[in-house]
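Trainee: One letter stands for each residue in the lines below.
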Amino acid sequence: MNYELIVGLEIHAQLITETKAFCRCPNRYGDPPNTLICPTCLGMPGTLPVLNEAIVRQAARLALSLGATIHPRCKFDRKNYFYPDLPKGYQISQYDEPFSTDGFLTIECNGSFKDIRITRAHIEEDAGKSMHQPDGSTVVDMNRCGVPLVEIVTEPDFRTPEEAGAFVSAIRELLRYVEVCDGNMERGSLRCDVNISVRPAGQAALNERSEIKNLNSIRAVEKAIRSEKERQIAVYASGGAIQRETLLWDEAVEELRPMRRKEGSDDYRYFPEPDLVELCVSPEYVENVRNELPEFPWERRRRYRKDLELHEEAVSLLASDRELGDYFEKLLTLGVEPRSAANWMQGEVRRHLTDQNLTIGQFPVSPQDLTELIQFVQQDAVSLTQAKDVFRKMLAKKCSARDIIRDEGMMQSQNAGEIESVIRSLLQKHPHEVERYRSGKKNVMGFFMGEAMKATGGKANPKMLSRLLEDMLKA
Amino acid sequence: MLPNPEHLKNHPELIPETVEQSLTRAREGEDLRAFVALFDERARNDSIRVRDALLRGESLPLGGWIIGVKDNIAVKGQQLTCASRLLKNFRSPFTATAVERLEKAGAIILGKTNLDEFAMGSSSENSIFGAVRNPHDRSRVAGGSSGGSAVAVAAGWVHGALGSETGGSVRQPAAFCGVAGLKPTYGRISRYGLVAFGSSLDQIGQFASSCRHIFDLLCVMSGVDRMDSSSAHMPPPVHNGGLRPLEKSLRIGIPREYFVEGLSAEIRDAIYKVVEQLRSIGHQVIEVSLPYTQYAIPVYYIVATAEASSNLARYDGARYGWRHPDAASLADLYESSRGDGFGSEVRRRIMMGTFVLSAGYYDAYYRKGQQVRRCILDDYQRVFLDVDVLLTPTTPTTAFHLGEKIDDPLAMYLSDIFTAPANLAGVPALSIPIGKDGNRLPIGVQIQGPHFSEELILRLGDQIESLDKAGGE
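Residue numbers (the numbering used here), protein chains in the order written: chain L, 132 to 606; chain R, 5 to 477.
So here's chain L without its partners, still in its complex pose (with noise of 0.2 Å):
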């Protein structure tokens, strides 16, 4: 039988501000354990949370960026549940009136577009973070407890592992772009949960679904989807029901396993968080976020395909990290012409970024330092070759392009005289080659511009010393 595979995601994005969400301890990753933490994040007994306002400018800006209803009024719940990484015994976050929803971001899977809806997108807040020892014991770091999340929820739309992966990529992307979460999923700071289930190819109604948590790369959400699809096929081949149950992926062996169940899980027992004033937002703040909203990554890829006519390659490169194209945007402003730049960016730049393992903003060499180098070749001042070669001495030596190729005397020669007198002696030298080249064996020209360069130590610009070379030949 065929099995048409249907995913939803969840997705937990850990916005990015000064302070958590509901007292002024620092929001920041990997500072000793326990050391960002004051009596409201750790639910000491009198404390009472105070919501922090660069929340919900963060989540108006990704709700906008997903073309989302940003509600006029939403309140905070209590999610109620016992667990030691959790102070209060209850998480504050968002149930029955989130604070937007109804968006949609379009994916790009296999070459066709494919546009996934978003449920909603909800403000809460990360519990702290529990780590089991080797001995059978836990220890709980507070730091993460606290920090502002948003879950965005999808609706079931995706039919394929690679659209969930591709979801994934482009709404870490999005959320990069706007900056609103930094998407690392290594360090938890972009997590995702799947929803899967199976069903006959042809039957309209759902089956049970698994939920798979603890995913922290796309590749693993691609992988536990395709695990989890063979498995529930297996169970239907032979006859099973699948059990509505939580799954973790365990990266180290790749594959799905049972997670031990929460205890009384599934009563959340949600209510309206009284210690929380009703979120009021208004449209001017709503239009005021949405005014400082930058260029979104499709609007960018178009033009970078429409206006620059840059190569699918350059634009998937240029469009995909906001920094990256930042920088070569920069390039161009300051003159460097499109295909040229982004020829740079995707050789060199690339390679170095690569090579020391740097992200753009890590980036030594300024867009302006960059593209005076770029003019020289622009201006034939030095070759291509000489210019990469200039790149590297740019980033060993940290200075200018124009130090160094004075410095290193590669300006290329410009003096026509000078080239003149150096092919008059060449051609006196070489009565018999000047013979040929005339006799019609045209070949010879590649003769003379060896020993040309040769004989300026590589320094004529070629463009002239060929012109100037041509003329003497034919007189």
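No lab work stands behind these hints, which were simulated from the structure alone. Possibly wrong hints are sitting among the right ones.
Unchecked claim - Quick list of in silico lysine-lysine cross-link-like pairs, DSSO-like style, CA-CA up to 30 Å:
no.	chain 1	residue 1	chain 2	residue 2
1	R	80	L	260
2	R	372	L	206
3	R	92	L	210
4	L	210	R	372
5	L	260	R	92
Since we're looking at a predicted model, the values are computed, not measured.
Starting from the known structure of chain L, arrange chain R on it as the hints suggest.
Mentor: Below, chain R without anything else, positioned relative to chain L:
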């Protein structure tokens, strides 16, 4: 009696010895179990600091006031037990906004007062420190849950005390102990540092021997606080020399729902007597009706327990507080720490609250409860179009005997029947003593007003206090 605070302000040199006096008397009265901790060292240091500041001419509106704080309100570095085994050794890392404002104004915190565990109770008997006793009759309860604070004021050991209210926990013990007690408008005083019970109902309140003193405290404690999103953006009442006498005549509503079966005849007669006196000095007395009053107790026990079940989830033995030593697993740690750490009344309310929020019951209980709560608020808003204030008994009976209701939760819950509606509606309400019954037990009259009308109800309370003096023994 202690020298009054007005006297101390003019004679700052008396402050340290007055604090000594307070400490000595509170210690002598230990058998009343009003205080669960005395801050000897801290209070002495504060008394000297405040004395010197006043002598330097600093302006401290509450300079020299001696204050007791209910042990569910945080003072940095001090115990915050909530009279529970679970928090027996817990010390708070910060100070409640209300306490901070009092101390900044020159008040001296004498110590922490006894209460029903997590403020759940109406008798101050549910305490790991033992039951609070009523100074008017030691075989009787002080009322609750802020019984310790009421007794500390009634016994004359402090000038004022902080309590907390969720359904009458200031007004009911104030009535039982014969002192004034105010529950301000919800949001009037920051809840930051008050251990949450029913967050949408909780409010810090004050006990004092007079309405004037309550007003002095209120002016310092109230006002918006950035640490509490539910605190009201409403400036504190203007103190300006203190509570001014009531000059205009009011329309006073007498709601018939409060004069029902179960109300003691002596209390009813005492209220009627006050009503007659008020009428005789020019107030207009109008009989009114708030028909949803009868649902206040069931609605209160749905809303308060639902919120409590969530608010008390943090006490799980995992991070702080009492932890069962023999837990075999995580689930076992939770069950044994909470099962043994909480007293029976707290466990009962957590279970009720968990039930009313459960899937399949939420609509029938919590949602319905919220709808009826809205109707109760509507009752008040409608009636306050016709009258300025409501005058009622505070409690259906005077102080009952220790142990009398402890095994009968329903009877205990019904002692909040006249106080819970104000918490549900968020309106301010005051209880002041109006004489005693045949057992020489204090009787309280309750005045309720519209949101943020504390000053008005205190002025009427002040007038009733003066009537009492004029026409008293």
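Trainee: Determine for every hint whether it applies to the structure shown.
Mentor: Each hint, compared with the structure:
| no. | hint | in the structure |
| --- | --- | --- |
| 1 | 80/R <-> 260/L | holds, 28 Å |
| 2 | 372/R <-> 206/L | holds, 19 Å |
| 3 | 92/R <-> 210/L | holds, 28 Å |
| 4 | 210/L <-> 372/R | holds, 20 Å |
| 5 | 260/L <-> 92/R | holds, 28 Å |
Taken one by one, the earlier hints all hold for this structure without exception.
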